[in-house]
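Chain Z is fixed; fit chain L with the ligand onto it per the hints.
Same order as they appear, the protein sequences are chains Z and L.
The first sequence begins at 1 in the working numbering and counts up one residue at a time.
The second sequence begins at 1 in the working numbering and counts up one residue at a time.
Simulated from the structure, these hints should not be mistaken for laboratory data.
On a predicted model such as this, the values are computed, not experimentally measured, just so you know.
Honestly, I wouldn't trust all of these hints.
Said to hold, decoys possible - Label-pair ranges, simulated between beta-carbon atoms: (1) Z:Glu189 to L:Lys20: 50 to 56 Å; (2) L:Lys6 to Z:Ser118: 53 to 59 Å; (3) L:Val80 to Z:Arg123: 17 to 23 Å.
Claimed, not checked - Okay, the calculated bits of chain L under chain Z, using three or more residues with CB under 8 Å as the criterion: (4) 78 to 88; (5) 92 to 104.
Glycine included, C-beta positions come from ideal geometry on N, C-alpha and C.
Single-letter residue listing:
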Amino acid sequence: MSIKGKAYIAGAYEHPLRKAPDKTVAQLHYEVAMGALADAGLSKSDVDGYFCAGDAPGLGAFSMAEYMGLKLRHVDSTDTGGSAYLVHVSHAAQAIAAGKCNVALITLAGRPRSEGSSGLVPRNFGPAPDAPFELPFGSVTVNRYGVSAMRHMYQYGTTSEQLAWVKVAASQHAQHNPNAMLRDVVTVEDVLSSPMISDPLHRLDCCVVSDGGGALVVVSPEVMRSLNRPRIKLLGAGEAPKHLNGGKMDLTLSAAAWSGPTAFAEAGVKPADIKYVSIYDSFTITVVIQIEDLGFCEKGQGGRFVADGNLISGVGKLPFNTDGGGLCNNHPADRGGMTKVIEAVRQLRGEAHPAVQVKNCNLALAQGTGGSLGTRHCSATLIMERE
Amino acid sequence: MSLAYKDRKIAAPSISPDTKAFWDGCAAGKLLLKQCEKCQELHYYPRPSCPFCGHGETKWIESKGTGTIYTYSVTRRVEVPYCFAFVTLDEGVTMMTNIADCDLDSVRIGQRVRVVFKPTDGGPPVPMFTPA
Ligand SMILES: [Zn+2]
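Looking at chain Z on its own, in the form it has when it is part of the complex (with noise of 0.2 Å):
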């Protein structure tokens, strides 16, 4: 069975606060919820399938239903980090396939701006068997993807210069986005300038620390065409997790080699019909290594492919993350998956910004990578289409 056709995107919303210090997570996540139902013109209590991962308080999905005061028959609560919302997605087509449910909502929200999250403090995710063969040295989410990054330029050439492209083109685009939180355009340069956090990522190189959340509504064929909204349909998806494997591992890579050709597979298109992609962008390198991983160049030609502005919409071949992406405008609980899905539907739906809205975008990519490049991820991709 495939998820081609089964099931559509109608609602997408994203918090437009950054920082939130007198709203609840659990608030958080009923503002976002009601904002999707809203765009889609449905209902709480249209909602039949609820899909939420760890940054949801409580226990799995049920503390949000009650919260909320959803009905449900179909709950999922797969949590695979900043990637969750792409995985719900896909899973919720294939709950709504089966006829599990119709009208799937999926929530994200959190507030680690305002809770001082950083990218160089240990994270404690309990007792895992890996935990004391890594926290005694200092493993923390920046230098997790430093030692990918100086692996790939070791072994592929990459330079600064080129991975500094990747927030050139993000900050290009996030000068469009009023709610963005970094709105200011920057040069190769200013990233160059920006102080080292960990080697060879900048501080310019990193994404953004917000509050705030999003969430999608996903419905059958049957409730989508009840609705007065652009049809955004699933094609294709792909999950795949990667780790270091026994000590055998080659970091340079992603899951996203994995996850990639198996939504190509099922949409029945190639890397190069694509007409936008949301890229998960924590770190420049993430960037890089996904569209390779992809298939949008070859291996390793990834700091080359994204060089001289190339990812700028309206400029290169593959306009990425008009939204600004985690770089310049949000990601929210630490986790950027569900803002890559919900700019995708925007460029599907000809909402985005008209500065960086793409022609004819009938085609988009999703791609989210959660967990840390350097050590254990899960990738989702996704691909839509507009009909």
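Positioned in the frame of chain Z, the structure of chain L with the ligand alone reads:
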């Protein structure tokens, strides 16, 4: 540029019955690896089961403690900068570690290194590496 290595406070690793021999080895100045009793593959971090073939019995072997730097990242914007790294041991497995006792700005991928053991706060020492 140069950036001298400095010891930093390291929290003691938590020890379980199936990894106690590894930490006892560190205390005795030995780096131990696990080898599958069936497929003979080495793996790291040590497990009582083989992550390659799935066999449920593995045995401890002693590493020579030498290898090359696979990749690294000097983490700078913290109280005591340190060199986070992965080292590929001559036995063929790659492990997360730190590079110590050297100018951190001189660290390079491909550099030959040997194991050194660094104290933790109330626990066994942990294996780091220094230029050979
Ligand atoms: Zn085995």
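How the hints compare with the structure:
Between glutamate 189 of chain Z and lysine 20 of chain L the beta carbon distance is about 53 Å. The supplied range of 50 to 56 Å therefore holds. Range check, lysine 6 of chain L to serine 118 of chain Z: about 21 Å between beta-carbon atoms, so the 53 to 59 Å window is missed. Judged by the Cβ atoms, the range 17 to 23 Å given for valine 80 of chain L and arginine 123 of chain Z holds: they are separated by roughly 19 Å. With 5 residues bearing a CB less than 8 Å from a CB of chain Z, the stretch 78 to 88 of chain L meets the requirement of three and the coverage assertion stands.
By the rule of at least three residues with a Cβ nearer than 8 Å to a Cβ of chain Z, the coverage given for the stretch 92 to 104 of chain L holds, with 7 such residues.
The structure does not agree with numbered hint 2 stated previously, though it agrees with all others.
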